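Protein chains in written order, with the numbering used here: chain A, 325 to 381; chain B, 9 to 391.
Check before you lean on any hint, since a few could be wrong.
What the hints assert, rightly or not - Derived lysine-lysine pairs resembling DSS-like cross-links, with alpha carbons at most 30 angstroms apart:
1) B/K192 x B/K246
2) A/K360 x B/K46
3) B/K246 x A/K360
4) B/K174 x B/K192
5) B/K246 x B/K174
To be clear, the hints were calculated from the coordinates, so they are not data collected in a lab.
Note that the structure is a prediction, hence the values are computed from the model and not measured.
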Amino acid sequence: METPATDVEFDVVNLSGSAAVELDDLPDSALGRAMKRVRRDALDHRAVNAAMFESAL
Amino acid sequence: MRDANPFVEWVVKVAQPCNLACDHCYVYELQDHTWRYKPSVMATGTADQLASRIAEHARSHALPRVRVTLHGGEPLLAGPSRIEHLLVVLRQELRGAAVCDISVQSNATLLNPLWMDLFRRHGVSVGVSLDGGRDANDRHRLARNGRSSYDSVRRGLELLRRPENKALFAGLLCTVDLANPPLKVYEALLDHEPPAVNFLLPHATWEHPPPGHDPNRTPYANWLLAVFERWYTAPHQKTGIRLFEDIMDLALGGDVRSASVGLAEADFLVVESDGTIELSDSLKVTRDGGAATGLDIFAHDFDTVARLPVVAEARRGGLAALADVCRSCEVVRLCGGGIRAHRYHPRTGFANPSVYCADLRVLTTRIRDRVVADAAALLGSAS
Numbered sequence: 325m326e327t328p329a330t331d332v333e334f335d336v337v338n339l340s341g342s343a344a345v346e347l348d349d350l351p352d353s354a355l356g357r358a359m360k361r362v363r364r365d366a367l368d369h370r371a372v373n374a375a376m377f378e379s380a381l
Numbered sequence: 009m010r011d012a013n014p015f016v017e018w019v020v021k022v023a024q025p026c027n028l029a030c031d032h033c034y035v036y037e038l039q040d041h042t043w044r045y046k047p048s049v050m051a052t053g054t055a056d057q058l059a060s061r062i063a064e065h066a067r068s069h070a071l072p073r074v075r076v077t078l079h080g081g082e083p084l085l086a087g088p089s090r091i092e093h094l095l096v097v098l099r100q101e102l103r104g105a106a107v108c109d110i111s112v113q114s115n116a117t118l119l120n121p122l123w124m125d126l127f128r129r130h131g132v133s134v135g136v137s138l139d140g141g142r143d144a145n146d147r148h149r150l151a152r153n154g155r156s157s158y159d160s161v162r163r164g165l166e167l168l169r170r171p172e173n174k175a176l177f178a179g180l181l182c183t184v185d186l187a188n189p190p191l192k193v194y195e196a197l198l199d200h201e202p203p204a205v206n207f208l209l210p211h212a213t214w215e216h217p218p219p220g221h222d223p224n225r226t227p228y229a230n231w232l233l234a235v236f237e238r239w240y241t242a243p244h245q246k247t248g249i250r251l252f253e254d255i256m257d258l259a260l261g262g263d264v265r266s267a268s269v270g271l272a273e274a275d276f277l278v279v280e281s282d283g284t285i286e287l288s289d290s291l292k293v294t295r296d297g298g299a300a301t302g303l304d305i306f307a308h309d310f311d312t313v314a315r316l317p318v319v320a321e322a323r324r325g326g327l328a329a330l331a332d333v334c335r336s337c338e339v340v341r342l343c344g345g346g347i348r349a350h351r352y353h354p355r356t357g358f359a360n361p362s363v364y365c366a367d368l369r370v371l372t373t374r375i376r377d378r379v380v381a382d383a384a385a386l387l388g389s390a391s
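Chain A extracted, bound-state conformation (with noise of 0.2 angstroms):
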């Protein structure tokens, strides 16, 4: 059978949980951003908007 991939252990961080952040109050550094990506995603159940072909961007 086959196994979905959230069965395997990995160690992330739970942004989901963090409403004790504001996504505006994030720095503008990589790290903010890519915390802002994901949650604005997951809130907002957005598909991600970005070339999957790895030659082109």
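With chain A fixed as given, assemble chain B onto it according to the hints.
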């Protein structure tokens, strides 16, 4: 049987030839030679059929948005009128069905105000392939006569950065060469003010490993981590770096659409200049015809393509597509086994870790550990 998930992205080979002769080009310089038997440019009738097929697929799956990338060879060699015809028929066919994001991936040497006028009118974003400053770029990316391509690329980038064109500048695509100092490359790329950068590992397999391949020293991870450190610690972001952003998003529990990292199912196809339908270009490094499906847009719709076993197997996401040793690896959700072509060995096919496995493990582990620690600290300090 469950219906296959739809495709949402098409890479269109509008021109087969290239005006440069890069010695690391995966299309012309490695295992695949199928380009020799394809028309040099896509005929208008083929473009019409392609637009019709994409619209048919978008309607039947109610896709809100699709993506088309004009690619080559050098796509601008197709000429403005041929390209404009494709842009017009894509808009016509998809009107009322789906939004169509269109981009072109070019070496920028042929960009001129007429091209930019056309791209502004049709909202086509432009990605440029560049390997760094003059020395780094000219290590591989030379003109057919052996001369430097750098000044021509720089002129194209200056045109792209003009205020009237800047919104169309998608960014820079850089192939890693260990001989080029990483920070020098990164700073040279930043000089062009790209809104985004991506770094590509040279396409390679277990049969043809990349230059300097050394699983004990992980030189590709070290090269990329030098850039990551400079980029990550910058107080303000001058550009995005797709590979690092994707790994960070995965480390934070997000999803990414990437063929390079993560476990997403592939949702793009390549359509060649003759209308034949292929898998990802990178599979051309495995063997002659390694990306072929045997299907074409005249005889087959994209649902038929999706049902073809070789296609279903190649685009498969999740853990089932990976080698046993990968499935139990602690970073599998981050690296996803890397690019499928990089797992290839002539004896065992794709049931192997990536030829870059050691590099990917070091790269993803370091980025994950950094991100997890810093994010926890940031959340802790804010609560």
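Now the hints, each set against the structure:
| no. | hint | in the structure |
| --- | --- | --- |
| 1 | B/K192 x B/K246 | holds (16 angstroms) |
| 2 | A/K360 x B/K46 | violated (45 angstroms) |
| 3 | B/K246 x A/K360 | holds (17 angstroms) |
| 4 | B/K174 x B/K192 | holds (24 angstroms) |
| 5 | B/K246 x B/K174 | holds (15 angstroms) |
In terms of the numbered hints stated before, the structure departs from hint 2 and from no other.
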